[in-house]
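J.: Below, each chain spelled out in residue letters.
There are 2 protein chains.
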Amino acid sequence: MARERKRIDTAAISPLTVNRLSIYLRSLRRLLEEGVLRISSERLARRFNLSSAQIRKDLAQFGEFGVRGVGYDVAELVERLSSLLGLDRTHRIAIVGMGNIGTAIARFPAFNSGSFLVVAGFDNDPERIGRRIGPVVVRSTGELVDAIRETGARIGVIAVPADAALWVFARLAEAGVRAVLNFAPIALSTTAECRVKNVDLRVHLEELAFFLERPEGGVGV
Amino acid sequence: MARERKRIDTAAISPLTVNRLSIYLRSLRRLLEEGVLRISSERLARRFNLSSAQIRKDLAQFGEFGVRGVGYDVAELVERLSSLLGLDRTHRIAIVGMGNIGTAIARFPAFNSGSFLVVAGFDNDPERIGRRIGPVVVRSTGELVDAIRETGARIGVIAVPADAALWVFARLAEAGVRAVLNFAPIALSTTAECRVKNVDLRVHLEELAFFLERPEGGVGV
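If you read the protein sequences in the order shown, they are chains A and B.
For what it's worth, this note's numbering labels the leading residue of the first sequence as 155, then goes sequentially.
For what it's worth, this note's numbering labels the leading residue of the second sequence as 155, then goes sequentially.
Hints listed in this document are in silico derivations from the structure and should not be mistaken for laboratory results.
Quick caveat: nothing in here was measured; it's all calculated off a predicted structure.
We put the beta carbon where it would ideally sit given N, CA and C, even for glycine.
Hints are not guaranteed to be accurate.
Each pair of labels, with its calculated beta carbon distance range [to be verified]:
no., chain 1, residue 1, chain 2, residue 2, range
1, B, 279, A, 296, 32 to 40 Å
2, A, 296, B, 346, 50 to 58 Å
3, B, 343, A, 188, 19 to 27 Å
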């Protein structure tokens, strides 16, 4: 059955939707590995703890409709979502700050597979510069702008202390990085040139601690 | 000036509010270190990239009102928020999965300071069991339930592959853990016994990749 590829007004897609699409893609890839050829939204929802109504709604937004009683074609959906999410091309990642978090990210399989490739790591600690960590040899943060332009990295990971984060962010943007995953304990704002996702692990921990003594409520954070 | 401590209906506090309170606390602690005694909501907002109106609203909810023209007493606010967030007591953390992420978490200063203490680490890889990583000696995941009961850990960190996550979550809940930070690439749901915060790094990366080719919009994720 031929499907029309609906033209997408990407400015109208919310980050939450993109987040869900990414989760669907991962779940579908899993099914593909298991040899599953077709899946209904209900089965997908049950298997991966999702909402079947939301799945149908999200996919319909991109012109993907299941066949009644049969479901969706898994391989086709994987291809379509990969393309939609920009994952049919390689995205190069540069990590600034090669401490605990930076090192973990450099070695993390999810950041070094499929469409992602860690191509550079930076630090200002002489003990770390020159060491091989995961796929990179750590370079001095002083060389950041030039090195990133050389490697063509478009995604940056910031894993430096709060004091250094703003400066690093400015250098990354200057070097052509267009999207940043920020682990520094300070909020950075998305700019016209560079999109930011802040991940604040300490805050998550404190949120959990808050609810530890208070068993009321069952709302997931 | 004596303030009435407003009684708090904690079931009415949203996770987003708790998240902001945690950020205010960190910002205020910083000011305390710098010797700042009083601060207005506007100055706090400007300094730490927050919303002054939201600050006033959030603090008022807990009976904290600034003095017009003068602002808030920093030390008092730190004490009040620490108490509110349950951070005036020590919270013990157990980490399951001592790979890249688990190791980074075990060594992460923010997880081993103030009110937090990593007291146990588990893995099923014989190469890792018995090794010292950060403050713990890695134990076998088979001993998880007993070991956690011994250590009194109430917060768990899950850093295992997706396949193992549900089983680990069930064992943690069984052992008395009441809050979990989940890094496994599968969503876990908060239950009546145990609150969950899911942190999916791969999904964050894919969200960023989606927006790389599409410069429209300036909404932070």
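J.: All hints are to be evaluated individually against the structure, with a verdict given for each.
T.: Hints, one by one, checked against the model:
no.	hint	in the structure
1	279(B) to 296(A): 32 to 40 Å	holds, 38 Å
2	296(A) to 346(B): 50 to 58 Å	holds, 53 Å
3	343(B) to 188(A): 19 to 27 Å	holds, 23 Å
The earlier numbered hints are all upheld by this structure, with none contradicted.
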